[in-house]
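There are 2 protein chains.
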Amino acid sequence: MSNCKRKLLSTERESLILKALGEGVSTITELSAQLNVSEATVRRDLHSLEEQGKAKRIHGGAVRVKFPQTEPIFTEKAGFHAQEKKSIAEKALEYIEDNDSIYLDGGSTILPLARMLDSRKNLTIVTNSMMAAAELMESQHRLILLGGEFRALSRTLVGPLTQQIVNTLHINKAFMGTIGFTVDEGISTTDPGEAFTKEIVMRRAGKVYVLVDSSKIGVPSFAVSGSINDIDTVITDENISPKLVKELEDSEVKIVF
Amino acid sequence: MSNCKRKLLSTERESLILKALGEGVSTITELSAQLNVSEATVRRDLHSLEEQGKAKRIHGGAVRVKFPQTEPIFTEKAGFHAQEKKSIAEKALEYIEDNDSIYLDGGSTILPLARMLDSRKNLTIVTNSMMAAAELMESQHRLILLGGEFRALSRTLVGPLTQQIVNTLHINKAFMGTIGFTVDEGISTTDPGEAFTKEIVMRRAGKVYVLVDSSKIGVPSFAVSGSINDIDTVITDENISPKLVKELEDSEVKIVF
DNA sequence: AAAGAAAATGCAAACTTTTGAAAGAATTTT
DNA sequence: AAAATTCTTTCAAAAGTTTGCATTTTCTTT
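If you read the protein sequences in the order shown, they are chains A and B.
Per this note's numbering, the very first residue in the first sequence carries number 310; after that it's consecutive.
Per this note's numbering, the very first residue in the second sequence carries number 310; after that it's consecutive.
Worth flagging that the hints you see were computed from the coordinates, not collected in a lab.
A portion of the hints provided could be inaccurate.
[What the hints assert, rightly or not] Below, a sample of chain B positions facing chain A; criterion: calculated Cβ distance under 7 angstroms: (1) Gly370; (2) Leu454; (3) Leu455; (4) Glu458.
[To be verified] BS3-like, lysine-lysine: derived pairs with alpha carbons at most 25 angstroms apart: (5) A:Lys516 / A:Lys430; (6) B:Lys365 / B:Lys552; (7) B:Lys328 / A:Lys316; (8) A:Lys365 / B:Lys395; (9) B:Lys328 / B:Lys482; (10) A:Lys316 / B:Lys365; (11) B:Lys563 / B:Lys516; (12) B:Lys365 / A:Lys328; (13) B:Lys516 / B:Lys555; (14) A:Lys430 / A:Lys552; (15) A:Lys328 / A:Lys316; (16) B:Lys563 / B:Lys552.
No residue lacks a Cβ here, since even glycine has one placed at the ideal position from N, Cα and C.
Work the whole structure out from these sequences, hints included.
The following block contains the structure:
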């Protein structure tokens, strides 16, 4: 190196330094010799590179920084019934075909489903769930987030504002989570704003699938979304009681377990 | 190069300069010798090229910039000029008061600002940035996400769908990021959908603050959002040129640095 | 075609940034 | 703990930039 006839500009030096760093480290003395500049200048260049996040200073030299630290994305709280939820999601996945336009609701039951969507092609995915969106950020599908007020507890976007976007979209199949589920009242949740969003989604969606693990069945929550009539299919696990299966079938709801 | 007997027109020189720059850099002295003109003329040509966004001046020479200006991937951008961005964000923070209703745009310059908002109380924060939303998830403020199509590169929600929510909200102060900034065209970005969202936000916001580090100034990108008239205040770092300060003041834009 | 206006160019003085050297503080090694 | 190395700060010289002005070139107008 250093067949430099003329003085180098700072940017040239910086890229040469990066090249010299390669994968490993270089000392100030080495770089100073290679670039034919004083050590003070090397330090200054290194400082600039560090500000740009391209290199990191260490005592006596510098190291290349590879790919800058990946941002802290949403973290998932380790879940109850994780295995059941995953198997419920697998059943739901079978109803999703290439080119579908689907809605993913919030909730820990829907999240595993979001992770499986790489097996489908060219989906349009509409969601109000920040967690699902974070999962799908890197995917190849088209991703649309409902706007609205952020609800910290469920990490979803809820309330009247969500209505506007929902009403302009055509949703083929909606996959809904829930806090409570009863045959009389259908799905219910703790927050009225969230219930409202669920309701307008269900009303507009072509087909509505409710994913619910058996621990929530028979337990009503505070705010009800729509009625049992808005639901086409309930997808749940094997622990569901035969009595409930019959009740659902009487209400013309398909049930998968 | 250029054994030119007759004198060259400025446009001819400029294209020769661009050719000489190639992908790399050239010094003023080199260019002056190659083109048989004084260094003063080279500087003037380079200045003109810079205004056109085709080259970027650096001390002692110039580098070629590709057009349209490419957008670095998000994680790369995060570390770039990190210190400047933080100090820009600190200046912007002073314009945010308790109970304000503010908009946070996408971009790595706005992100540090999101992190500082704990020092204010009872804000209503509207944003189209997933990263900003992730930062603000735990905060006490009211958080509203614009809906819309998710754009992976910038991790923002963009496009026509965003318009609906923006139009129903009252935004007190909007804090905008940008990929490129020129006095002639104002802020510009790489994606038309993103430009669209920026534009409708700026049009509806009471006051518009643009946060831009000096490396982006004078560099236009592909899709322009609104005009310089939509901007009330530009917040930048100390490296801004006095000339630009004057130009902005002539356009009745307040400038903070 | 000549005179005048406008634009471009080169030059030089004042100013700014960058660079290298040196001194003292901080860190690592022996 | 002493020695050696490296880091930070400061300062002056060198290199680069800006600005105003005189000169040349180019364009317009008569």
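* Assess, step by step, whether the Cα of lysine 328 (chain B) is no farther than 25 angstroms from the Cα of lysine 316 (chain A), and give holds or violated. => This hinted pair holds, its Cα atoms lying about 21 angstroms apart.
* Between lysine 516 (chain B) and lysine 555 (chain B), does the CA-CA distance stay at or below 25 angstroms? -> Holds, at about 21 angstroms.
* With a cut-off of 7 angstroms, does the beta carbon of glycine 370 (chain B) approach a beta carbon of chain A closely enough for the hint to hold? -> holds, 5 angstroms
* Given the hinted pair lysine 563 (chain B) and lysine 552 (chain B), is their alpha-carbon gap at most 25 angstroms? -> Given pair lysine 563 (chain B), lysine 552 (chain B) holds - Cα atoms ~14 angstroms apart, limit 25 angstroms.
* Asked: Under the criterion that the straight-line Cα-Cα distance not exceed 25 angstroms, is the pair lysine 328 (chain A), lysine 316 (chain A) satisfied?
  -> holds, 18 angstroms
* To do: So, glutamate 458 (chain B) near chain A? Judge it on the closest CB pair being under 7 angstroms.
  => Because about 5 angstroms separates glutamate 458 (chain B) from the closest Cβ in chain A, which is inside the 7 angstroms limit, the hint holds.
* To do: Identify whether the interface hint at leucine 454 (chain B) stands, where standing means a beta carbon of chain A within less than 7 angstroms of its own.
  => holds, 5 angstroms
* Does the structure keep lysine 516 (chain A) and lysine 430 (chain A) at a Cα separation of 25 angstroms or less? -> holds, 20 angstroms
* Distance restraint between lysine 430 (chain A) and lysine 552 (chain A), which requires alpha-carbon spacing of 25 angstroms or less -> Cα-Cα ~38 angstroms, so violated.
* 25 angstroms limit on alpha-carbon distance, applied to hinted pair lysine 365 (chain B) and lysine 328 (chain A) -> Given pair lysine 365 (chain B), lysine 328 (chain A) holds - Cα atoms ~22 angstroms apart, limit 25 angstroms.
* Asked: Is the hinted pair lysine 328 (chain B) and lysine 482 (chain B) satisfied, with a Cα-Cα distance of at most 25 angstroms?
  -> violated, 44 angstroms
* Asked: Given leucine 455 (chain B) as an interface hint, is the shortest Cβ-Cβ distance to chain A below 7 angstroms?
  -> holds, 5 angstroms
Comparing the model with each earlier hint shows violations of hints 9, 14; every other hint is respected.
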